[in-house]
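Engineer: For the record, the sequence lines run as chains A and B. Following the working numbering from start to finish, the first sequence increments by one per residue and tops out at 106. Following the working numbering from start to finish, the second sequence increments by one per residue and tops out at 106.
A couple of the hints might just be wrong.
To be verified - As a list, the in silico DSS-like pairs of lysine-lysine whose alpha-carbon atoms are at most 27 Å apart:
(1) Lys88(B) - Lys37(B)
(2) Lys37(A) - Lys88(A)
(3) Lys88(B) - Lys67(A)
(4) Lys37(A) - Lys67(A)
(5) Lys67(B) - Lys88(A)
(6) Lys37(B) - Lys67(A)
(7) Lys67(B) - Lys37(B)
(8) Lys67(A) - Lys88(A)
(9) Lys88(B) - Lys67(B)
(10) Lys67(A) - Lys67(B)
(11) Lys67(B) - Lys37(A)
As the list claims (entries may be wrong) - Which bits of chain A does chain B cover? Going by a derived footprint, with three or more residues having C-beta under 8 Å, they are:
(12) 48 to 54
(13) 61 to 73
(14) 84 to 91
These are computed hints drawn from the structure, not numbers from a lab. Built from N, CA and C at the ideal position, the CB exists for glycine as well.
Number of protein chains: 2
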Amino acid sequence: MARVVVDVMLKPEILDPQGQAVANALPRLGVSEVSSVRIGKRIELEFDGEPDLDRAREIADKLLANPVIESFTLRVEDPS
Amino acid sequence: MARVVVDVMLKPEILDPQGQAVANALPRLGVSEVSSVRIGKRIELEFDGEPDLDRAREIADKLLANPVIESFTLRVEDPS
Numbered sequence: 027m028a029r030v031v032v033d034v035m036l037k038p039e040i041l042d043p044q045g046q047a048v049a050n051a052l053p054r055l056g057v058s059e060v061s062s063v064r065i066g067k068r069i070e071l072e073f074d075g076e077p078d079l080d081r082a083r084e085i086a087d088k089l090l091a092n093p094v095i096e097s098f099t100l101r102v103e104d105p106s
Numbered sequence: 027m028a029r030v031v032v033d034v035m036l037k038p039e040i041l042d043p044q045g046q047a048v049a050n051a052l053p054r055l056g057v058s059e060v061s062s063v064r065i066g067k068r069i070e071l072e073f074d075g076e077p078d079l080d081r082a083r084e085i086a087d088k089l090l091a092n093p094v095i096e097s098f099t100l101r102v103e104d105p106s
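The shape of chain A in the complex, shown without the other chains:
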């Protein structure tokens, strides 16, 4: 078993209202040192055999990310 992790984030030029809402709540918790919050998705794909990054990239491109507003990165991770 091998795990490929796909991180999908909104592109920097796209507004992130969910992250903004969290950022706006931080001063009420007494937190002033956080300047920005961005919220995206983390997807774990468990492969039966060897992890196939090209296959994972195809899955991310077709099913997991919207290339108009999102970008993604891939990496193999040891399951823990």
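Starting from the known structure of chain A, arrange chain B on it as the hints suggest.
Structural biologist: Chain B in isolation, oriented as in the chain A frame:
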């Protein structure tokens, strides 16, 4: 500027219908080697100065994760 990344995933015993929907769609794409898909959140906290992991843990615990159904991990990441 320093970035702390918080990964929030559903606990293993909690059903993940969003991930299941993706997993069910994979055979239609001709993908048979992925046995499981889990979808969670990735949150990027940008700190003004030094990253403060204890502070980030407090934010994750209070605002980002629901400890009843989710677990989270924290790490410092170089902004890129």
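Engineer: Lys67(B) and Lys37(A): Cα distance at most 27 Å?
Structural biologist: holds (16 Å)
Engineer: Holds or violated: Lys37(B) with Lys67(A), Cα cutoff 27 Å?
Structural biologist: This hinted pair holds, its Cα atoms lying about 16 Å apart.
Engineer: Taking only the CA atoms, is the gap from Lys37(A) to Lys88(A) under or equal to 27 Å?
Structural biologist: Holds, at about 17 Å.
Engineer: So if I understand the rule, the pair passes when the alpha-carbon distance is 27 Å or less; does Lys88(B) with Lys67(A) pass?
Structural biologist: holds (19 Å)
Engineer: Can the restraint linking Lys67(B) and Lys37(B) be considered satisfied, given a maximum Cα separation of 27 Å?
Structural biologist: holds (12 Å)
Engineer: Hinted pair, alpha-carbon criterion (27 Å max): Lys37(A), Lys67(A). Please report holds or violated.
Structural biologist: Holds, because 12 Å separates the two Cα atoms, which is no more than 27 Å.
Engineer: Measure nothing beyond the straight line between the CA atoms of Lys67(A) and Lys67(B); if it is 27 Å or shorter, mark the hint as holding.
Structural biologist: holds (4 Å)
Engineer: Is the Cα-Cα distance between Lys88(B) and Lys37(B) 27 Å or less?
Structural biologist: Cα-Cα ~17 Å, so holds.
Engineer: Between the stretch 61 to 73 of chain A and chain B, are there enough contacts, at least three residues with CB-CB distance under 8 Å, for the coverage claim to hold?
Structural biologist: Result for this restraint: holds, n = 13.
Engineer: Quick check: do three or more residues in the stretch 84 to 91 of chain A have a beta carbon closer than 8 Å to a beta carbon of chain B?
Structural biologist: holds (count 5)
Engineer: Given the hint that Lys88(B) pairs with Lys67(B), test it: the Cα-Cα distance must not exceed 27 Å.
Structural biologist: holds (15 Å)
Engineer: Tell me if the straight-line CA distance from Lys67(B) to Lys88(A) falls inside 27 Å.
Structural biologist: holds (19 Å)
Of the numbered hints stated above, none is contradicted by the structure.
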